[in-house]
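K.L.:
Mind the numbering: the sequence shown is residues 3 to 263 in our numbering, read in order.
Keep in mind that the hints were calculated from the coordinates and are not lab data. These figures come from a predicted structure and were not determined experimentally. Just so you know, even glycine gets a beta-carbon here, dropped at the ideal spot from N, CA and C. Among the hints, a few may not be true.
[What the hints assert, rightly or not] Okay, the calculated beta carbon distance ranges per label pair:
hint	residue 1	residue 2	range
1	Asp166	Val210	35 to 45 Å
2	His132	Lys240	16 to 26 Å
3	Asn151	Ser186	42 to 52 Å
4	Gly229	Lys198	14 to 24 Å
5	Asp209	Arg23	24 to 34 Å
6	Arg123	Glu245	24 to 34 Å
7	Phe212	Leu30	25 to 35 Å
8	Lys198	Pro81	17 to 27 Å
9	Ser142	Asp178	29 to 39 Å
10	Lys164	Ser105	21 to 31 Å
11	Lys154	Lys122	42 to 52 Å
[What the hints assert, rightly or not] For lysine-lysine, the following PhoX-like pairs were computed, each having C-alpha atoms within a straight-line distance of at most 25 Å:
hint	residue 1	residue 2
12	Lys198	Lys103
13	Lys240	Lys122
14	Lys163	Lys206
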Amino acid sequence: MDKLKLTNHIKDDDLRIKMYRIVDICNLVLKNYEYRQTEFLNPFEIKNAVAIVNSQQDLACRVDGGYDGAERSVLSIFPYYQEVEDSDVEISFLQIDGNFKFSSVSHRDYLGSILGLGIKREKIGDILVHEDYCQVIVESEISDYIVYNLDKVANNRVNLKKIDRSDIIRSSQAFDERSLTVSSLRLDNIISAVFKLSRQEATKLIDVGFVSVNYEKINKHSSLVDGESVISVRKKGKFILSEVGDTTRKGKIKIKTKIFV
C-alpha cells in the first residue's frame with residue numbers, strides 16, 4: 003500500500019504522520035498474514051484509519067474502545083478471512099481507588115498522574131471518573147507498569163487493580179451549561195464568547211493549531227460551526243455547541259453550550 007497516495011489529501015501534518023503508521027501496519031499485516039493493532043485514536047483519526055484499511059480488499063478491521071460509546075479506541079487490523087474477538091484485543095482495564103472525600107479529583111488529575119509516569123497519551127484510552135474511584139483503559143503492555151508505579155493522584159494516595167471488561171461502568175459527564183449570544187457561528191466568534199477571549203486571542207489559538215472541531219484540527223477562523231459539534235481548545239477546555247437558537251432583535255444568534263468540567 004502506497005502511504006503517499008493514501009494520505010495526499012490530508013493537510014494536517016500530525017494526522018498525516020499517524021496515518022503513515024496505519025499504512026505501515028497494513029503492509030505488515032499483508033506481508034505476514036497476522037493481526038496487528040494501533041495505538042488509541044480519537045474519532046476523527048479512527049475515521050481516516052478505517053478508510054485506509056477499507057481501501058485494501060484483503061484487509062478487515064475492528065474498532066474497540068473497551069465499551070460501547072468509547073471516545074478513544076484502538077483499531078485492530080487483520081486479514082479479511084480472520085475473525086477477532088474481545089479477548090484478542092490487547093487492551094487492559096484498571097481501577098484506581100482512593101479516599102477523595104475531602105478533595106475533588108478530575109479527569110485532568112488522573113490523566114496528568116499517568117502521563118507523569120512517562121507514558122504517552124496514545125497508550126491511554128478513556129478515563130471514566132466516578133465519585134471515589136476511576137476506571138482507565140490502557141494498552142495491555144503498560145498495564146502492569148501503571149499498577150506498580152502509580153501511587154498518588156493530586157496528592158491523594160491511591161490503590162490500583164486490574165478489572166475485567168465487564169466491570170467497566172460509564173461515567174456521567176458533568177457540564178457547565180451556558181446560554182450566550184454571538185454575532186455569527188464563525189469558529190473564532192464562538193471560542194471568543196465561550197472562553198471570554200478577544201477575537202484576536204481566539205484567532206491566535208486557531209492559527210497555532212490548538213483548536214479542533216469534532217476532533218479534526220481546524221486552521222480557518224471563519225469556519226462555520228454546526229450544532230452538536232464538539233469543540234476542543236488546547237489549554238482552555240472542551241465544549242459542545244448544544245443548541246443554535248433564534249436571532250435577537252439586534253441580530254445576535256442565541257446559542258447554548260455545554261462545557262466539559
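K.L.:
For the pair glycine 229 and lysine 198, does the Cβ-Cβ distance stay inside 14 to 24 Å?
P.N.:
Given about 22 Å between the Cβ atoms, the range holds.
K.L.:
Could you see if the CB distance from asparagine 151 to serine 186 stays within 42 to 52 Å?
P.N.:
With Cβ atoms ~49 Å apart, the hint holds.
K.L.:
Check the following: the C-beta atoms of aspartate 166 and valine 210 are separated by a distance inside 35 to 45 Å.
P.N.:
42 Å, holds
K.L.:
Evaluate the given range 24 to 34 Å for the C-beta pair formed by aspartate 209 and arginine 23.
P.N.:
27 Å, holds
K.L.:
Could you grab the alpha-carbon distance between lysine 198 and lysine 103 and see if it respects the 25 Å cut-off?
P.N.:
Violated - the C-alpha atoms of lysine 103 and lysine 198 are around 32 Å apart, more than 25 Å.
K.L.:
For a C-alpha distance cap of 25 Å, please report whether lysine 240 and lysine 122 respect it.
P.N.:
Holds, at roughly 21 Å.
K.L.:
Using the C-beta atoms of serine 142 and aspartate 178, is the stated range 29 to 39 Å upheld?
P.N.:
35 Å, holds
K.L.:
Does the Cβ distance between lysine 198 and proline 81 fall inside 17 to 27 Å?
P.N.:
53 Å, violated
K.L.:
Using the C-beta atoms of phenylalanine 212 and leucine 30, is the stated range 25 to 35 Å upheld?
P.N.:
Given a distance of about 34 Å, which is inside 25 to 35 Å, the answer is holds.
K.L.:
For histidine 132 and lysine 240, compare the CB-CB distance with the range 16 to 26 Å and indicate the outcome.
P.N.:
Holds - the Cβ-Cβ distance for histidine 132 and lysine 240, about 20 Å, lies within 16 to 26 Å.
K.L.:
Do the beta carbons of arginine 123 and glutamate 245 sit within 24 to 34 Å of each other?
P.N.:
Check passed, 31 Å falls within 24 to 34 Å.
K.L.:
With a cut-off of 25 Å on the C-alpha distance, tell me whether lysine 163 and lysine 206 pass.
P.N.:
43 Å, violated
Consistency with the previously given hints fails for numbers 8, 11, 12, 14, ordered from lowest to highest.
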